[in-house]
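> Residue strings, one per chain:
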Amino acid sequence: MRRAAVLGTGQTDHRTRRTDVSMAGLCREAIDRALLDAGTDWSQIDAVVLGKAPDLFEGVMMPELALAQSLGAAGKPLLRVHTAGSVGGATAIVATSLIRAGVHRRVLAVAFEKQSESNAMWALSIQPPFTAPITAGAGGYFAPHIRSYIRRSGAPPHIGALVAVKDRRNGALNPHTHLRQPDITLESVQASPMLWDPIRFDETCPSSDGACAVVIGDAAAVSAASREVAWIKATSMRTEPTFYAGKDHVNPRAGADAAAALWASAGIKDPLREIDVAELYVPFSWFEPMWLENVGFIGQGQGWKLVENGDTRIGGVLPVNPSGGVLCSNPIGASGLLRFAESAMQVMGRAGEHQVPDAATALGHAYGGGSQFFSMWVVGRTP
Amino acid sequence: MDTLAAPLTIAFDYTRSLGPVLGRFMAGLRDHRVLGSRTADGRVHVPPLEFDPDTLAPLTDLVEVSPTGTVVTWAWVDQPLEGQPLDHPFAWALIRLDGADTPMLHAVDTGTEDKIKIGLRVRIRWSPSPTGHIRDIACFEPGTAPERTGHEIGDAVTIMTTPIRLHYTHTTSVEEDRYLRALAEGRIVGQRCPACCKVYVPPRVCPADGVAPGEVVEVTDKGTVTTFCVVNVPFAGQRLTPPYVVAQVLLDGADIPIPHLILGVPSDQVRMGLRVSAVWRDRADWSTTPENIDHFEPNGEPDAPYESYAEHQ
Numbered sequence: 001m002r003r004a005a006v007l008g009t010g011q012t013d014h015r016t017r018r019t020d021v022s023m024a025g026l027c028r029e030a031i032d033r034a035l036l037d038a039g040t041d042w043s044q045i046d047a048v049v050l051g052k053a054p055d056l057f058e059g060v061m062m063p064e065l066a067l068a069q070s071l072g073a074a075g076k077p078l079l080r081v082h083t084a085g086s087v088g089g090a091t092a093i094v095a096t097s098l099i100r101a102g103v104h105r106r107v108l109a110v111a112f113e114k115q116s117e118s119n120a121m122w123a124l125s126i127q128p129p130f131t132a133p134i135t136a137g138a139g140g141y142f143a144p145h146i147r148s149y150i151r152r153s154g155a156p157p158h159i160g161a162l163v164a165v166k167d168r169r170n171g172a173l174n175p176h177t178h179l180r181q182p183d184i185t186l187e188s189v190q191a192s193p194m195l196w197d198p199i200r201f202d203e204t205c206p207s208s209d210g211a212c213a214v215v216i217g218d219a220a221a222v223s224a225a226s227r228e229v230a231w232i233k234a235t236s237m238r239t240e241p242t243f244y245a246g247k248d249h250v251n252p253r254a255g256a257d258a259a260a261a262l263w264a265s266a267g268i269k270d271p272l273r274e275i276d277v278a279e280l281y282v283p284f285s286w287f288e289p290m291w292l293e294n295v296g297f298i299g300q301g302q303g304w305k306l307v308e309n310g311d312t313r314i315g316g317v318l319p320v321n322p323s324g325g326v327l328c329s330n331p332i333g334a335s336g337l338l339r340f341a342e343s344a345m346q347v348m349g350r351a352g353e354h355q356v357p358d359a360a361t362a363l364g365h366a367y368g369g370g371s372q373f374f375s376m377w378v379v380g381r382t383p
Numbered sequence: 001m002d003t004l005a006a007p008l009t010i011a012f013d014y015t016r017s018l019g020p021v022l023g024r025f026m027a028g029l030r031d032h033r034v035l036g037s038r039t040a041d042g043r044v045h046v047p048p049l050e051f052d053p054d055t056l057a058p059l060t061d062l063v064e065v066s067p068t069g070t071v072v073t074w075a076w077v078d079q080p081l082e083g084q085p086l087d088h089p090f091a092w093a094l095i096r097l098d099g100a101d102t103p104m105l106h107a108v109d110t111g112t113e114d115k116i117k118i119g120l121r122v123r124i125r126w127s128p129s130p131t132g133h134i135r136d137i138a139c140f141e142p143g144t145a146p147e148r149t150g151h152e153i154g155d156a157v158t159i160m161t162t163p164i165r166l167h168y169t170h171t172t173s174v175e176e177d178r179y180l181r182a183l184a185e186g187r188i189v190g191q192r193c194p195a196c197c198k199v200y201v202p203p204r205v206c207p208a209d210g211v212a213p214g215e216v217v218e219v220t221d222k223g224t225v226t227t228f229c230v231v232n233v234p235f236a237g238q239r240l241t242p243p244y245v246v247a248q249v250l251l252d253g254a255d256i257p258i259p260h261l262i263l264g265v266p267s268d269q270v271r272m273g274l275r276v277s278a279v280w281r282d283r284a285d286w287s288t289t290p291e292n293i294d295h296f297e298p299n300g301e302p303d304a305p306y307e308s309y310a311e312h313q
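So the sequences go chain by chain: G and D.
Letter by letter, the first sequence follows residues 1 to 383 in full-length UniProt numbering.
Letter by letter, the second sequence follows residues 1 to 313 in full-length UniProt numbering.
Treat the hints with caution; some may be incorrect.
[What the hints assert, rightly or not] Not everything, but these chain D residues come out facing chain G in the computed CB check (under 7 Å):
| hint | residue |
| --- | --- |
| 1 | ILE10 |
| 2 | GLY19 |
| 3 | LEU22 |
| 4 | ARG24 |
| 5 | GLY154 |
| 6 | ASP155 |
| 7 | THR158 |
| 8 | ILE159 |
| 9 | GLY237 |
| 10 | THR241 |
| 11 | MET272 |
Hints were generated in silico from the structure; no laboratory data involved.
The C-beta atom is built at its ideal place from N, Cα and C for all residues, glycine as well.
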């Protein structure tokens, strides 16, 4: 298998509504920044991989048809990827696979969501006939699983708020962030309205318009690059049904299996010691301790202790979401690719104000659907 | 035997952010003027492209073309569908406007099929009430437009609302049909997976094993709250008024919980392990729907031990 590396990344300025750009314009803002960051131009891109979450979000079926030309895919292979909220991660992994397989030299991966074109909560609450009207919304789907986590782990109730404070303050260091709240406090989070008990308003991701792009290349492309790259050490994806008897929504098997395969492939024995920074897909703050356990940074029921100790802050043992994460910007289809891109930016030393000092090895992580799809990668400063 | 089926309509008024190029194009239509974009090779594209297909540079050079053009090719539509430009028979045609190098797709109203032909000169029939929307072009009709009397094009349009309506017929599976017909009789049935032996309510192809369900199992209308959330937030598509408790209820005899409402108890007294029973609607109102069960409420039994439902949250 050939080696692959991230040559450059780009992302939009994420906002509630980017009414100044069309979907094509939104994607191009991220792509043009990624090409610039990678020091490449369109002539060097061999293929384009496009990811986004359900088409119902924008009401454009198969948007890759209309977008192909604006994404520079004319005359080149274009692949569309969809794995719900994890799609950004899956998109990066498909692009990586094309490089590793030796099919292409440089592949552009781009993912987007323009949530302002409709209402994601509506799109996720379509009620088919012969079902009971027991809709609870996106937070309502995950809140019971958070309650289960709290019951199972014995975590104190302020853990979710601690994560929210950390991520929102981190996000204020990131120029692209949607929510910028440098002055948020534990008290202000705990005083915010309880939306889906036990999830409070400030512990919830926003709804964003945004896009992210990365250019992935092979060893020859790296040789031709003039800047640091992020070597892709391992990738992993796993899937499981949304519902089945005995499904563990707190510690989904697909997530645990994907992580175990990832660590084995990357040769990582002790993730907590060997990973310098992690970008985890945390749409509701309590998912930080849940995923810390699920991907194996720490034993079951212990993840909240890392949060409480401040170990997941910038400067801690394992900084998690120095970018601010999904809690600060959530263009759903792009959110996973943002996690992957931010992990690459860290090891390339190009994360700016939210740079984790000396980050050499990083994890990018995404999940989607009802904890159905998981995608992850490990990137490093060296191959 | 036909299984139960019912219509499903999905509809939303999507709001399209147009960006600088399409925003000016729509503004032009509002003022009865048609703009195309000129690419580096000198061609004029109508409707305008946002990015040059060769250089991929953003396109900013918008040029005006004529509202009159020529039919390049066409296909006749005998029975128009909902949402199409005309409600009587018409031709879908590719029309190259004078001054443009690319044809655009639109409807041509010739009344009868024998009047449409390649090379026919057609002009835009404008909507009587233009709003800066692609629908400001009602359709095309035979003829040439008079000399332009349009005025200056106003501000670019930022957002264009695009209503979308999708109509489906939702047809139930054999298993779902059986479950619904039992509900109409006040019974709750599940089915056991022949591979893992788990009882699914509602019955379905086993998501873990991928095999068709076997033995039909009747379960009780009593169960245990395995976990829950209190919904305090209003959201689009919601059909209940907050606050309300949505819980995962593991019915006795089932191996997977169903989501349902817990009423008849203050929300702060709902807890994991709470024992609940179904509250059915009036028997006279029962039909083939899970809505026959209005909600669940506490039945006074002692709470179930955590171990009994730990794997069913």
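> Should the interface hint for ARG24(D) be scored as holding, given a Cβ-Cβ cut-off of 7 Å against chain G?
Violated, because the Cβ-Cβ distance from ARG24(D) to chain G comes to roughly 12 Å (cut-off 7 Å).
> For the restraint on ILE10(D), tell me whether the closest CB of chain G is nearer than 7 Å.
ILE10(D) check passes; min Cβ-Cβ to chain G is 6 Å, inside 7 Å.
> GLY154(D) was flagged as interface toward chain G. Is the shortest Cβ-Cβ separation under 7 Å?
violated, 17 Å
> Hold the hint about ILE159(D) up to the distance rule: shortest CB distance to chain G must be less than 7 Å.
holds, 6 Å
> With 7 Å as the cut and Cβ atoms as the points, is THR241(D) at the interface with chain G?
violated, 12 Å
> Let's test the interface hint: is any C-beta of chain G closer than 7 Å to that of ASP155(D)?
Because about 13 Å separates ASP155(D) from the closest Cβ in chain G, which is outside the 7 Å limit, the hint is violated.
> Using the nearest Cβ pair, does MET272(D) come within less than 7 Å of chain G?
holds, 6 Å
> Regarding the hint that GLY19(D) lies at the interface with chain G, is the smallest CB-CB distance below 7 Å?
OK, holds: GLY19(D) within 7 Å of chain G, min 4 Å.
> So, as I understand it, the hint says THR158(D) touches chain G; can you test that by seeing if any CB pair is closer than 7 Å?
Nearest chain G Cβ about 5 Å off; hint holds.
> Given GLY237(D) as an interface hint, is its Cβ closer than 7 Å to any Cβ of chain G?
Check passed: Cβ of GLY237(D) comes within 4 Å of chain G, closer than 7 Å.
> Can you verify the interface hint for LEU22(D): is its Cβ closer than 7 Å to any Cβ in chain G?
It holds, given that the least Cβ distance between LEU22(D) and chain G is near 6 Å, below 7 Å.
The structure fails hints 4, 5, 6, 10 (numbered hints given earlier, in ascending order).
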